[in-house]
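Residue numbers (numbering that gives the first Met the number 0), protein chains in the order written: chain A, 0 to 329; chain B, 0 to 263.
Hints may be right or wrong, so weigh each one.
[Said to hold, decoys possible] Short derived list, chain A residues pointing at chain B, Cβ under 7 Å:
(1) Ile-71
(2) Glu-91
(3) Arg-121
[Unchecked claim] Subject to a maximum C-alpha distance of 20 Å in a straight line, what follows is the list of computed SDA-like cross-link-like pairs (lysine to any residue):
(4) Lys-154(A) <-> Gln-88(B)
(5) Lys-154(A) <-> Gln-89(B)
(6) Lys-154(A) <-> Leu-134(B)
Hints listed in this document are in silico derivations from the structure and should not be mistaken for laboratory results.
All residues carry an ideal CB built from backbone N, CA and C; glycine is no exception.
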Amino acid sequence: MSEHPSAAAVPTGSSGTGAGPALAVSHLTKRFGGRTAFEDVSFEVARGEVFGFLGPNGAGKTTTVRTLGTLISPTAGSAEVAGIPLTEANGERIRQRIAVMPENPGLYMRLTIRENLEFFARLYGLHDRGSRIHHALAAVGLVDRSDDLCGRLSKGLRQRVALARTLLNEPEVMFLDEPTSGLDPVAAREVHELIEALREREVTVFLTTHRLEEAERLCDRVAILNTRLRTVGRPQDLSGTLFRRSLAVETAAPLPDPASVFTSSAGVDGWAPDGAARYLLSVADPRAVAPGVVRALVRAGADVVSVSETRHSLEEVYLQLVDQDPEIRS
Amino acid sequence: MIRVDLGRTLALAQKEAREYRRTPFIVGAMVVLPFFFLVEPMLTIFVVPASEPARVVDKTVGAIFLLMLVVPTVIPATVAAYSVVGERQQGTLEPLLITPVRREEILLGKALSAVVPSVAIAYLLFALVEICAALFAANPHVSAILTEGPHILAEAIFAPLLAMWSIWVGTAVSTRSSDVRVAQQLGTLASLPPLAVTALVSFQVLPPVLGVAIGFAAGLLALDIGMWWVVSSMFDREQLVTGSRPAASSAAAPGPGEVRRIRA
Ligand SMILES: Nc1ncnc2c1ncn2[C@@H]1O[C@H](COP(=O)(O)OP(=O)(O)O)[C@@H](O)[C@H]1O
Ligand SMILES: [Mg+2]
């Protein structure tokens, strides 16, 4: 395939222009009648940051994007988007400075790729439309397809056109709502590459997803939402702080008396069997404790197969947080 | 009062026109309907014999005047009913509303793209009928009434005013509907009442003098403006985006690597 997204064509973010964060959200709440879409959500996103907004279906991700994108007004709380307070009166000013890629690409199927982009470029009042469109098309690798009717494109290509559309106005904040949902792995990977390219250009990206590996791979920080905000942090830190660390011990045969072995070694706070000849030890500092555990095992005559620090993935953090939530089980 | 950016309004109108040109049923409606409405006038012009008394001719010609106004009423209603539902079905409403475009610009752009071709077609049709009446009418009364000044003026003024009414009504129906056909039927139905009123002039229940025509035109204009306010207040971003939620987003199957809920 000849048309690969090219990082060089992605516009540079306006990270230098304004002071303060790209997004500042404070106790934001949206209810539809009696139904709470999200509640008491507060966070900040720095300029140039790729911020992951992670949560299961129905967590309120899309509603948050629509609220910050000025499409719907919050029930309570406040926010600043691209440095502008989120109010009805500021809607137009904010919309000029942001871009949103909704869950569905939303292209005019009877228009060509170029006609679609031309239309949106005019709505943004852009003067250098020809070059903006060219750059946007180059960024998603669609320059030679620009006269194709959107109705004839595959889902992956439509998604790329929608991405090109978000590049047109060189937004200060770009909202991508589940940009890879429903894409095959190749198309999803192309979207990932484009987001990487955006990060290199310091465009602020607000990325909602329910794919953990996507968040883990692309985002500087992630927030986990389930109607309320569960946590915010760097992916690697979240797994470190949310769990007690542990050592996984595997022996050739089950230990006759595991309790005496593990309680005799210093630094082991607790233990639990994890299979026939596997044990999970709860420890504060795996590297300091491991040698003592091995010595104790050898003294007890056990054949040690492995002793390793268990790494918790973001997935475990996520599932733990989501499962704690009573609302999800309704 | 209403702030409108001409560039954005025209961008919308052109986008709309482009979509219409590539939508078979709209092109069909614009091409086929006028022919359909030519049949009766042409029969009257060419077939009604010179011996027919003026009293009978009056009624027939009244029907022609009315028929000529059906075109600028029905075509825009059909087109406008499609306009918002079409955006909703393609999922383009949200990308459109996320741009700096104002709702008045959306409405005016869409209206423009429907009014211009409909009124152009109506005028063309009417001109054709007038020319044929003046040159070929077998019955002298037919040509006399059809080419009467106030009548022609009334037709010329009523056509765009009726078209505007239809467009606002069609758009109003369209903003609250998710089904194109329902929107079109309701829109067409709702567009007809003012037409019925103009029938009073066409059939000379009210005399077709200048004063009456202008009075009616003023009334229609007031209706158009009133309906404009109704439509633009219905055209609310939040309502449009959340009013009918697309089923696609929740129905999408989780792909590989997506996390599903473990607990039932
Ligand atoms: N227009 C609406 N009217 C009523 N409830 C809504 C509307 N939009 C979203 N919701 C509800 O708000 C919650 C969050 O939805 P959404 O923001 O779409 O979640 P996500 O994008 O994370 O899947 C859900 O419970 C959903 O049913
Ligand atoms: Mg969503």
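Cross-check of the supplied hints:
Taken as an interface hint, Ile-71(A) checks out: its beta carbon lies about 4 Å from the nearest beta carbon of chain B, inside 7 Å. Contact between Glu-91(A) and chain B, as hinted, is supported at the beta carbon level, the nearest pair being about 5 Å apart and thus within 7 Å. Given the 7 Å rule on beta carbons, the hint for Arg-121(A) holds: about 4 Å separates it from the nearest Cβ of chain B. As the CA atoms of Lys-154(A) and Gln-88(B) are separated by approximately 16 Å, the hinted pair is consistent with the 20 Å bound.
Proposed proximity of Lys-154(A) and Gln-89(B) is supported: the alpha carbons are some 13 Å apart, at most 20 Å. For the hint pairing Lys-154(A) with Leu-134(B), the CA-to-CA distance comes to about 59 Å; that exceeds 20 Å, so the pair is violated.
Checked against the numbered hints above, the structure breaks only hint 6 and satisfies the rest.
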